[in-house]
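There are 2 protein chains.
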Amino acid sequence: MVENVKYLQCIKCGRRYPPNPGIYTCGQCGPEGILDVIYDYDYIRKQVSRESFLNNRDYSIWRYAHFLPIRKDSRRTPLRVGWTPLYRPERLGSELGLDRLYLKDDGLNPTASLKDRASAIAVVKAAEEGAGTVACSSTGNAASSLAGNAAAMGLKSYIFVPQRAPQGKVAQLLIFGAAVISVQGSYEDAFRLSAQAIELWGWYNRNAAINPYLVEGKKTVTLEICEQLDWQVPDWVVFSVGDGCTIAGAWKGFVDFFKAGLIEKLPKMLGVQAEGCCPISNAFFSGEDIRPMEENTIADSIAVGVPRNPRKALRAIRESKGTMVNVTDDEILQAMKLLGNTCGVFGEPAGAAGLAGLKKLAAAGVIKKGDMVVACITGNGLKDVQNAVRASGEPVKVSPDLEELKKKLSAAG
Amino acid sequence: MVENVKYLQCIKCGRRYPPNPGIYTCGQCGPEGILDVIYDYDYIRKQVSRESFLNNRDYSIWRYAHFLPIRKDSRRTPLRVGWTPLYRPERLGSELGLDRLYLKDDGLNPTASLKDRASAIAVVKAAEEGAGTVACSSTGNAASSLAGNAAAMGLKSYIFVPQRAPQGKVAQLLIFGAAVISVQGSYEDAFRLSAQAIELWGWYNRNAAINPYLVEGKKTVTLEICEQLDWQVPDWVVFSVGDGCTIAGAWKGFVDFFKAGLIEKLPKMLGVQAEGCCPISNAFFSGEDIRPMEENTIADSIAVGVPRNPRKALRAIRESKGTMVNVTDDEILQAMKLLGNTCGVFGEPAGAAGLAGLKKLAAAGVIKKGDMVVACITGNGLKDVQNAVRASGEPVKVSPDLEELKKKLSAAG
Chain A
28 MVENVKYLQC IKCGRRYPPN PGIYTCGQCG PEGILDVIYD YDYIRKQVSR
78 ESFLNNRDYS IWRYAHFLPI RKDSRRTPLR VGWTPLYRPE RLGSELGLDR
128 LYLKDDGLNP TASLKDRASA IAVVKAAEEG AGTVACSSTG NAASSLAGNA
178 AAMGLKSYIF VPQRAPQGKV AQLLIFGAAV ISVQGSYEDA FRLSAQAIEL
228 WGWYNRNAAI NPYLVEGKKT VTLEICEQLD WQVPDWVVFS VGDGCTIAGA
278 WKGFVDFFKA GLIEKLPKML GVQAEGCCPI SNAFFSGEDI RPMEENTIAD
328 SIAVGVPRNP RKALRAIRES KGTMVNVTDD EILQAMKLLG NTCGVFGEPA
378 GAAGLAGLKK LAAAGVIKKG DMVVACITGN GLKDVQNAVR ASGEPVKVSP
428 DLEELKKKLS AAG
Chain B
28 MVENVKYLQC IKCGRRYPPN PGIYTCGQCG PEGILDVIYD YDYIRKQVSR
78 ESFLNNRDYS IWRYAHFLPI RKDSRRTPLR VGWTPLYRPE RLGSELGLDR
128 LYLKDDGLNP TASLKDRASA IAVVKAAEEG AGTVACSSTG NAASSLAGNA
178 AAMGLKSYIF VPQRAPQGKV AQLLIFGAAV ISVQGSYEDA FRLSAQAIEL
228 WGWYNRNAAI NPYLVEGKKT VTLEICEQLD WQVPDWVVFS VGDGCTIAGA
278 WKGFVDFFKA GLIEKLPKML GVQAEGCCPI SNAFFSGEDI RPMEENTIAD
328 SIAVGVPRNP RKALRAIRES KGTMVNVTDD EILQAMKLLG NTCGVFGEPA
378 GAAGLAGLKK LAAAGVIKKG DMVVACITGN GLKDVQNAVR ASGEPVKVSP
428 DLEELKKKLS AAG
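Residue numbers (my numbering), protein chains in the order written: chain A, 28 to 440; chain B, 28 to 440.
I should point out that these hints are in silico values taken from the structure, not numbers from a laboratory. Note that the structure is predicted; figures quoted are calculated from it, not measured. Be aware that a few hints might be false.
If several chains are the same, the list does not tell them apart, and a pair holds so long as it fits within one copy or across any two.
[As the list claims (entries may be wrong)] Keeping only pairs whose Cα atoms sit at most 20 Å apart, straight-line, the calculated EDC-like set for lysine to aspartate or glutamate is:
hint, residue 1, residue 2
1, K295, E346
2, K73, E156
3, K424, D216
4, K433, E321
5, K433, E226
6, K99, E315
Please model the complete structure; the sequences and the hints are all you need to start from.
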C-alpha cells in the first residue's frame, strides 16, 4: 500500500482503479484510457512544507517521495537522478528579448536525459512488484535510461529498437547490459513486438504512455523548478513535445504542488513540436482528433508520428491556458548553436527545440519581455553528435605551423 | 589579493613567487618548474570546519572557495561544476572482490568530464586578470570544458586539438562557439602550436601543467569524496593518468584537507596508464627521467606521450605510498562493459581505465578485500561512442515476429 495515493483514474471515462500491480490502462477504454495517479493531498500537506524541503538534504528526485507513487521502503535506483541545475542565462535572455529567462539543464541526469526521472520510477515499481525484468520499445532516451537504471538496480532489461536506431544509442544500451532486440521494421513494428513479448514473458512494462507511474517521475522536473525559484511560479514553462508524456508530467508537477498548497498559482505551458512531425499541435489548433503523421525531423526524440499520450498533453496545455508552436529543423539547429554559444549548454535537437519555439513566440510578442520563463533542455547533445556538427560547422585545419595558423585565422576573421 | 594564498612555489627548486597575474612557471627552472599554490592553512582553519560544510548549501565546487586560489568577489562560471555523485556499487564490488568500493562519477559534470573543475578556475582567473580570450591545447575534455565554461562566462576561446580527437568532443567545442584549430599532427604538435599562439596573441593560458591554478580546481574531486564519505579517508584512490595533472590535483585535495585539520590520514594513490602510452609509470618503476612514448591507445584522454606534469604526478604517488599499473586496451574495453553492466554508468575509455587497473591490483592482492577504495570515472562514454561499440558487441536482429524472437532469444541463452 502506498499511503499518499488514493486511486488511479481513467482520463477518458473517469473510472477509478486501486493502485495495484498489473493495472496499466482503463479496462473499459483500452489503450486510450490512460490512468492518472490521484493523491491524498490532505495527507501530503501534513507530511511536507516549504520548511521541510529547505531542510531536506536529499538532492535527487527522492526528496519528493511524498509526491511519488512508491512505498517508503522500496528499493530505489542507486543512480542520482534529478536535481539538475537551473541557470539564469543573461546573454541568452538578451538575445531572445527576455528579462527573466531560466534554463533547466536536464541533460545532466545520469544517462543524460530527462527520461531518467521516469525510468527511476519504472525500476522501483518493477522491484516493488517482484519483477526481475523490465522492457520497453524506444529509439533512444527512454531506452537508455531504462537500461542504465535497470543495470544499477540489478534488473535484466529487454529493449526493442527499430532497425533505424542510430549506432550510438544502441551502444549505450549494450554497455548497460540490456538485451537489445533490433526489430527489422518500423518503430510501430518494434512497439507491437515489444507488447507481445511483454505479455508472453510477463516483464515489467515501461512503455511510457501505457504505464501510469512514469509521468509521476517526469513531474519531478517542475517540482525542482519551483524549489529552485524559491517557490516563485514562472509565467511560462517550455517543453518540446513528442509522445506527450513529458509536458503532461511537467504540468502534473505544478498541479500537485498547487493542490498541496506549496505554490500559489500555475504557469502557462508552451509545447513545441517539430514542423515535420506535429500531430499534437495540429490537434491543438484544429480541435480535432490526432491524425498520424510522418516522422520527418532531425529531432529524433520528439519524432513521434502516432503519439501515445496526446490526451494528457493537450489537457496540460489547455488547462494551463498555454499554447503550442512548431519549429523547423533549421530553427532547431540554430537554437542548439545559440544555446551552446551563450550558455555553454549542449542540448540534443529535441532538447533545443523548446528553446527554438520560445524564441519564435518571444519575437511574436506572445511571451513578453518581463515574463518569467523557464525552458527545459531535455537531453544532452552528446547523444546526437552528427546533428551538432550540422549545427556548428567544421574546425579550422592547420599544419603545426604558426605562419599557416596566422593566415588561416585571419582568413576566418 | 587572495587572502588564503601565501605564495606560489616551484616544485623543482623551491623558489617562491607572489600569486600575481601572468606568473605561470618558475623563472629559473623554465617549463619544468611548475608552481604549487601554497595556502595559509591557519587562516583557512578559522574559516571552515566540518560543521560549516554541513550547513553549506552550495553543492558545487564553490563550496570549497576557501581552498581555491580565487578572490571572494570574482565572477564565477554560471555552470554547475562539481558535487558529482559518489556511488557504492555492490555488484561491481563483488566482481572485483572488494567489500568497500565506491565510484565517483565525474562524467556528470556540465560538459561531461572532470576537466570542468579545472576550466571553471581557468575562466575565473581569466576574468580576474581582465582577459577576454582563453586558449588551450587538449585531446578533448580540457578543451570542451574550457569552451563550455568560456561560453557561459562570455569569453572567447581558442582550442587546439590533435587530428585524432573524437568527433563527440570536437562537436562540443564547435557548439560552444570556440574557434577550433585541428592541428594535423600529434598532441605534442598541438601543444607546441598553442604555446606559440598564446604567446603571440596574449591569450589566457589554460594549458594545465603550465597554469598552477588548474590543479587546484581538480582537487575539488577529492574534497567532495571526503565529505561524501562523512570525513572517512579511503585506503586507496584510483585515477587514470595522462598528463599527470589530475592525479596530482586529487592528491593535493587530500593534502589540503589534512593540513587544514579536516581529515586525519591520507590515502594511497593508484595511478593507471594505458600500456600503449605509459611514460609516467615507466618512470615510476625505473626511477629514471621521463622518456617520450608513442600515443598508442584507445583511451585518448590519457594518451599523452610527452606528459607535462610527471613531476607532480610522481610526487603524488610516491608521497602517498601508492603505486602504478598499466592496462591494455582490451582490459579497458572490458572495464567499460563491466562498469555499464553492473552500475549503469557509461565511462569513456580513459574514464574506465582506472577501474581496469583496480581490477588488476585487486586480483593480485595488492589492494585487499577489506580496503576502502574510491575509483573515479573521469569522463562520460557518450564522448566516444565508437569505442563503446567495440566494447559492447551487437544487438539481436529479428523480424517483427514473436516466434522468431522466441527462437533467437533462446539461442542467445
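Verification of the hints:
{"no.": "1", "hint": "K295 to E346", "result": "within (9 Å within a copy, 59 Å between copies)"}
{"no.": "2", "hint": "K73 to E156", "result": "neither (28 Å within a copy, 52 Å between copies)"}
{"no.": "3", "hint": "K424 to D216", "result": "between (44 Å within a copy, 13 Å between copies)"}
{"no.": "4", "hint": "K433 to E321", "result": "neither (48 Å within a copy, 29 Å between copies)"}
{"no.": "5", "hint": "K433 to E226", "result": "between (65 Å within a copy, 13 Å between copies)"}
{"no.": "6", "hint": "K99 to E315", "result": "neither (42 Å within a copy, 58 Å between copies)"}
Violation of the numbered hints given earlier is confined to hints 2, 4 and 6; the remaining hints are satisfied by the structure.
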